[in-house]
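Participant: Chain residues, written in single-letter form:
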Amino acid sequence: MSIFEYNGSALVAMVGKNCFAIASDRRLGVQLQTIATDFQKIYRIHNKLFIGLAGLATDAQTLYQRLVFRNKLYHLREERDMKPETFASLVSAVLYEKRFGPYFCQPVIAGLGDDDKPFICTMDSIGAKELAKDFVVAGTASESLYGACESMFKPDMEAEELFETISQALISAVDRDCLSGWGGHVYLVTPTEVTERILKGRMD
Amino acid sequence: MGDSQYSFSLTTFSPSGKLVQIEHALTAVGSGQTSLGIKASNGVVIATEKKLPSILVDEASVQKIQTLTPNIGVVYSGMGPDSRVLVRKSRKQAEQYYRLYKEPIPVTQLVRETATVMQEFTQSGGVRPFGVSLLVAGYDDKGPQLYQVDPSGSYFSWKASAMGKNVSNAKTFLEKRYTEEMELDDAVHTAILTLKEGFEGQISGKNIEIGMIGNDRIFKVLSPSEVEDYLQEAE
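Protein chains in written order, with my numbering: chain A, 1 to 204; chain B, 1 to 235.
In short, the hints are calculated from the structure, not lab data. Bear in mind the structure is a predicted one, so any value in this text is a computation, not a measurement. Even glycine gets a Cβ: it sits at the ideal position worked out from N, Cα and C. Keep in mind that the hints are not guaranteed to be accurate.
Quick list of the computed label-pair ranges, beta carbon to beta carbon [to be verified]:
{"no.": "1", "chain 1": "B", "residue 1": "99", "chain 2": "A", "residue 2": "101", "range": "18 to 26 angstroms"}
{"no.": "2", "chain 1": "B", "residue 1": "120", "chain 2": "A", "residue 2": "176", "range": "56 to 64 angstroms"}
{"no.": "3", "chain 1": "B", "residue 1": "120", "chain 2": "A", "residue 2": "117", "range": "34 to 42 angstroms"}
{"no.": "4", "chain 1": "B", "residue 1": "224", "chain 2": "A", "residue 2": "156", "range": "49 to 57 angstroms"}
{"no.": "5", "chain 1": "B", "residue 1": "88", "chain 2": "A", "residue 2": "102", "range": "30 to 38 angstroms"}
{"no.": "6", "chain 1": "B", "residue 1": "56", "chain 2": "A", "residue 2": "126", "range": "54 to 62 angstroms"}
{"no.": "7", "chain 1": "B", "residue 1": "120", "chain 2": "A", "residue 2": "193", "range": "42 to 50 angstroms"}
Here are some of the chain B residues that sit facing chain A, going by a computed Cβ distance under 10 angstroms [what the hints assert, rightly or not]:
{"no.": "8", "residue": "99"}
{"no.": "9", "residue": "100"}
{"no.": "10", "residue": "101"}
{"no.": "11", "residue": "102"}
{"no.": "12", "residue": "103"}
{"no.": "13", "residue": "106"}
{"no.": "14", "residue": "108"}
{"no.": "15", "residue": "109"}
{"no.": "16", "residue": "112"}
{"no.": "17", "residue": "141"}
Could you put together the complete structure from these sequences and hints?
Facilitator: What follows is the structure, given as structure tokens:
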């Protein structure tokens with residue numbers, strides 16, 4: 001079994017009209033055994049910037065701690081929040097530093113940039129950025145997620161419709177993946193507020 | 001006063017609480033050629049005298065005002081070779097920032113890093129402070145900015161400032177002439193008039209240098225003929 005499939009994960013981010021949504025599953029497993037059903041995979045960097053980390057859980061947690069450290073120092077030095085594009089470049093640089101002994105993580109970054117324009121991107125475990133205008137996926141359920149998102153996505157969805165779409169895509173994709181699931185965790189972010197919701201899906 | 005007994009080692013405080021080597025470095029700056037900068041409402045201008053030691057020197061090969069990034073420029077007063085080292089280090093720091101964040105470095109950050117380098121040379125063994133003060137002019141998301149960095153590593157943001165020989169006359173002149181609503185072209189004229197105040201000899205496009213940055217956020221050093229045009233307007 002690949003090291004990326006040790007813990008299991010499903011992550012997806014989607015762009016809507018002046019908003020974005022980022023969602024993850026909630027399972028933490030050790031190969032076939034489920035250890036936790038409320039494991040957090042999406043982290044808030046600041047109110048307009050979220051990062052989800054798929055892959056090996058220990059690397060995800062350590063990487064998150066390093067990124068929070070870098071972001072806090074940036075905030076203190078520059079007296080401003082990091083733009084999502086800048087943060088994505090930082091994550092890419094941090095991952096490439098470990099080119100020959102990498103973090104086994106795949107990040108999904110979602111944020112609101114200048115003028116509250118939604119920004120999403122993903123990258124591989126050594127920092128190859130992939131920008132997208134519609135959606136990005138990561139994790140063991142990524143293939144199912146690609147299919148689900150491709151068919152369900154429409155451009156310029158409003159917040160509530162975006163929430164419905166991303167939730168449906170996540171739940172139907174993780175139901176086809178034995179290593180991810182046990183519910184969903186969705187963050188819906190608009191320029192004015194952040195809404196966090198838990199989804200109930202098949203608990204297996 | 002006993003200060004002179006402590007002037008041998010850079011890293012030792014004198015009883016009066018000064019680092020004597022830094023004071024001497026400031027003296028080196030103060031005997032350098034005059035340079036000045038003015039922040040306008042829509043840009044920044046920096047200028048300096050370019051007095052060459054002999055008429056045989058090819059003045060086109062000498063450039064005192066340097067670009068650090070496309071939107072940040074710098075001029076110095078003091079020892080030219082020291083400024084070259086700082087320019088080189090600052091350029092590298094700006095590029096490192098860009099490589100990490102894919103975003104041009106904000107002016108304050110670059111100034112802070114340059115000042116940190118200068119401070120390091122006041123607290124390390126076997127080195128001496130830089131014999132230059134820098135005037136950094138830049139335009140970023142926070143608007144036009146002008147900073148002065150001293151050999152001690154302290155930096156200040158100025159609306160208008162001068163350094164080098166004749167600094168007190170130049171500053172008095174600037175204080176009288178400066179207005180907040182000044183636009184870039186007016187600032188260039190004021191800069192020229194300020195330089196003229198203490199200038200020995202005939203001022204021309206070949207013995208002063210002017211660099212400016214406007215709303216386009218591109219720092220450029222004016223060519224001698226462009227400087228001549230401004231000189232004629234300022235007459």
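Participant: Next step is simple, just say for each hint if it's right about the structure.
Facilitator: Do the hints match the structure? See the list:
1. 99(B) / 101(A): 18 to 26 angstroms: holds, 21 angstroms
2. 120(B) / 176(A): 56 to 64 angstroms: holds, 58 angstroms
3. 120(B) / 117(A): 34 to 42 angstroms: Check passed, 40 angstroms falls within 34 to 42 angstroms.
4. 224(B) / 156(A): 49 to 57 angstroms: For residue 156(A) against residue 224(B), whose Cβ atoms are near 55 angstroms apart, the range 49 to 57 angstroms holds.
5. 88(B) / 102(A): 30 to 38 angstroms: Because 33 angstroms falls inside the window, the suggested range holds.
6. 56(B) / 126(A): 54 to 62 angstroms: holds, 57 angstroms
7. 120(B) / 193(A): 42 to 50 angstroms: 46 angstroms Cβ-Cβ, so the 42 to 50 angstroms window holds.
8. 99: Holds - the Cβ of residue 99(B) comes within 10 angstroms of chain A, reaching about 7 angstroms at its closest.
9. 100: Residue 100(B) check passes; min Cβ-Cβ to chain A is 5 angstroms, inside 10 angstroms.
10. 101: Hint on residue 101(B): holds, closest Cβ of chain A at ~5 angstroms, below 10 angstroms.
11. 102: Holds, about 4 angstroms.
12. 103: holds, 5 angstroms
13. 106: holds, 6 angstroms
14. 108: holds, 8 angstroms
15. 109: Interface hint status for residue 109(B): holds (6 angstroms vs cutoff 10 angstroms).
16. 112: Holds: closest Cβ of chain A sits about 8 angstroms from residue 112(B), inside 10 angstroms.
17. 141: holds, 9 angstroms
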